[in-house]
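Chains A and B, in that order, are what the protein sequence lines are.
Position 93 of the first sequence, counting from 1, maps to 92 under numbering that gives the first Met the number 0, and the rest follow consecutively.
Position 358 of the second sequence, counting from 1, maps to 357 under numbering that gives the first Met the number 0, and the rest follow consecutively.
Derived by calculation from the structure, the hints in this document are not laboratory data.
Hints are not guaranteed to be accurate.
Where chains are identical, the list cannot tell them apart; a pair therefore holds if satisfied intra-copy or between any two copies.
[Unchecked claim] Below, computed lysine-lysine pairings styled on DSSO-like, alpha-carbon distance capped at 27 Å:
hint	residue 1	residue 2
1	Lys323	Lys366
2	Lys246	Lys323
3	Lys181	Lys301
4	Lys223	Lys347
5	Lys246	Lys301
6	Lys301	Lys3
7	Lys143	Lys94
8	Lys323	Lys352
9	Lys222	Lys347
10	Lys374	Lys246
There are 2 protein chains.
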Amino acid sequence: MIVKPHGGTLINRILSEKEREAILSYRKQFFTLEINEEKAIEVQNIATGVFSPLQGFLNQEDYHEILLRNRLASGHAWTIPIVLDVDRPTAAKMKKDDTIILSCGGSPVASMRIEDIFAWDFAEYAQNTFGTTDERHPGVKKLKTYGEYFVGGTVNFLSEPISRYPQYYLTPRETRILFAEKQWNTVVGFQTRNVPHLGHEYVQKSALSLVDGLFINPVIGEKKNGDFRDEVILDSYKALLDHYYRKENSVMSILQTEMRYAGPKEAIFHAIVRKNFGCSHFIIGRDHAGVGSYYHPFAAQKIFDLFPDLGITPIFFMSFFFCKTCNSIANDKTCPHPADAHVDYAGKIIRDKLIRGEIPPEIMMRKEVSEEILKHPHPFVGDD
Amino acid sequence: MIVKPHGGTLINRILSEKEREAILSYRKQFFTLEINEEKAIEVQNIATGVFSPLQGFLNQEDYHEILLRNRLASGHAWTIPIVLDVDRPTAAKMKKDDTIILSCGGSPVASMRIEDIFAWDFAEYAQNTFGTTDERHPGVKKLKTYGEYFVGGTVNFLSEPISRYPQYYLTPRETRILFAEKQWNTVVGFQTRNVPHLGHEYVQKSALSLVDGLFINPVIGEKKNGDFRDEVILDSYKALLDHYYRKENSVMSILQTEMRYAGPKEAIFHAIVRKNFGCSHFIIGRDHAGVGSYYHPFAAQKIFDLFPDLGITPIFFMSFFFCKTCNSIANDKTCPHPADAHVDYAGKIIRDKLIRGEIPPEIMMRKEVSEEILKHPHPFVGDD
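Here chain A stands alone, though its shape is the one from the complex (with noise of 0.2 Å):
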């Protein structure tokens, strides 16, 4: 049996064309707000239900016992908040129990009935999700170009799940058809925005020799200058995948939505979500979607602790390295050798290689890997 997404049930807040032609043709007496290609993708997460068990943007009371207590009124674990921010004399346009179209770039995504219109504190937001208000940080940074109120209320999606990578795109409906079909009953999920060097691979074989599938989920979005940019990121994995990898038990597809760089309580957030694609286990590293020093290296790990009934089985591994006296990759568990026997994985040796054109050691990356990064000519965000 698959795990059961997260609240039990797999929101699908997608509407038939009937509906949808009958509501486009009512657009006109509807206030449409437009929102930017992010804003729009969450939309599309929640409503094929990544986001479960969110229906729509968070009300107010919702949003404020995330921050409070890490969990939904509902009492589900929550700890990312899923807000539609809005300007104060867009506000001023819309109110409690209005029907709105969110729309971007002139076409329909959704329509959304409003519970509530309510001003947020940045300080508060910042300090309970980021752990900081530093506004070098780079969530916190974003979070301040957010418009001073949020709009709360359910989506209904007016249009077709879509995807820059369709190659890679697959709902959580259909994750969940997939494993069904490879009968698969246990998967670990593992997250990523980074190319795979061996250090990788071996997490992920580690842990897919204890459950019966590996699903690779890249995140896909908008991302700091100087992380990999998503193609390089996805073609390096299929090249991986095609060498070094079985099909019948090894999955990617994509999760498309921003890193916020939240460290623990994005950690909580991510395994959340991959739950809601079916995995059951889900691996958590050192430092999980943290960024420069804002987060102790295992606080991501420890706050698992908080969440017994999370329903999805954290993976926790420390740091990994090659070690030449066990002549094998080993990690801080398993190895007792000294560090001069050790060779680490830094993605810094790693990445000053490919700046450089080189293909880096082979102890460190799979040469069809590095051949594939270095097809591109600016692989980095910001690069060019």
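Position chain B against the provided structure of chain A, taking the given hints into account.
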């Protein structure tokens, strides 16, 4: 929290010194039954809780429930009869509710209150436990030597727990104290009756990466000709642990019990015993506790489906090998490459090398382990 013992309570049937004195002073009034060392060790296992929730040798009801339903009359899973056999003349000397003394080599081992004395059927026992009545099967062959009656009843241990290898002997009460001291909540047990090659290390370390501690628990006791001698297993594991494992998360102690070679039934029994030692997880490899080709290689994994209430999580490994393309140890879930890229960890190749006094390739066995084995002039049972 360390996992609860099977049945909920760790059985302790070791009498206090005063109780012991009192019973021994009445010894002449009790019928004394001489048992062999192997049976005396089973009494010790019962008394120290290794076989919790058993409090003595099986009575007729529990015995039949096990053969028919793989459970005790209480409903708890149990798959291997723990019985005290006697011949007809001896049976005639005892009756229900008698207290008898079990003695080994002239020394009292335990008092036993007889619940029942019952005839048993060879074919029923053999077929339900070993899946065969073929007397070439070592477990069946041994069964053929049993007396025609079983004596059921609770035992009270009249001695201190002993071992031929005291430096490696811990009772379940002691392992649980040790695990608690080490702050292990999750512990994976590894059963072995072999010297360790790199495949074993790979399996153990893969599992250890996901839990707090590793409990290597070799079976020490009567084995068939050609198996490694107990002291060779212990010395070789000590070499491996000293050189390649971390002391703070790896412990070895022994399980003193005979191998039954009952394959899947014995796999469940082995898991229950490790649960009693405090293991939350237990590794089941290919053909666990099997012999010859009596069992399907994965029967000992499949059988766990019948015991969702077992209270210890099995971790299944299939075959593992060195893959020249992966350039690492791999298993049949993690490696997609064809068989000609694989070097098998065939016990036979290693054994043939060792018989000729040669060091097996380091790709198969750690040099420190090989050297330790070769220090023993007669490493195999029956080769002297």
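### Task
Compare the structure with the hints numbered earlier in the document and write down the numbers of the violated ones, lowest to highest.
When the structure is compared with the hints, none of them turns out to be violated.
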